[in-house]
Amino acid sequence: MKVLNKYLIASILLLLCCFSLIAQDKDSKKKQILEEVVVDSIIEIREPINPLSPAKAAFYSAILPGLGQAYNKKYWKIPLVYGAIGTGVYFYVTNNKEYNRYRDAYKSRIAGFTNDEFYLDSQGNQLATPRVTIEGLERAQKFYRKNKEISLLVTIGLYALNIIDANVDAHLMQYNVDENLSLAPHYKIDEFDASSSLGLTLNFKF
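Numbered by mature numbering (1 follows the signal peptide of the UniProt record, and there is no 0), the letters in the sequence shown go through residues -23 to -1, 1 to 183 in order.
A few of these clues could be false.
[Stated by the list, open to error] Taking CB as the label site, the calculated pair distances span: (1) F36 x Y67: 24 to 30 Å; (2) E112 x K33: 52 to 58 Å; (3) I141 x T106: 51 to 57 Å; (4) T91 x F120: 45 to 51 Å.
[Unchecked claim] Here are the simulated PhoX-like cross-link-like pairs (lysine-lysine), alpha carbons at most 25 Å apart as the crow flies: (5) K50 x K84; (6) K50 x K74; (7) K84 x K119; (8) K74 x K33; (9) K54 x K33.
Hint data in this document are derived by calculation from the structure and do not stem from the laboratory. Ideal Cβ placement from N, Cα and C applies to all residues, glycine included.
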């Protein structure tokens, strides 16, 4: 009878231990599920994609160079934009000024006048023969006109590049780099025939 009671008590204690372990295991699983839900909810919280953002950035840069970069919060690009466009404008203005100098002298020379700036020396004294011949004036006009046109094209190209940069930058800011979407290399060895396979794995988690 005493031996039976001992077995009965031991069985009851064993059952209680099992129930306790099962309850602890359920609690730990619930806690793990809650943690996963919290982690997943944190991962999913992100700014909504604005499909009009690239168009807005390009429009702002078209109105005023650098404004699209400010819209994208890439303020460090604004001095680069103005430096590049300003350089193009500077060379255009300089070449246009030189072109007008030689053109005015050429028109004066064709009209029969000898009072253009190239008939004067560095002290302003009249020269018997001009420092630049009429053929030299023609060559200078062609040279500076060509440089003026190139400077204009470069300036327009830099202006367009400023718009493209703002548009592309706005696109890249909304590029999905979430871990739920991944592309990774894949290598697997088959244990049955010892063959191997190599490829890419695309993972998408809902």
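Legend entry - Structure-inconsistent hints, enumerated in ascending order: Hints 4, 5, 6, 8 are the ones this structure does not satisfy, whereas the remaining hints hold.
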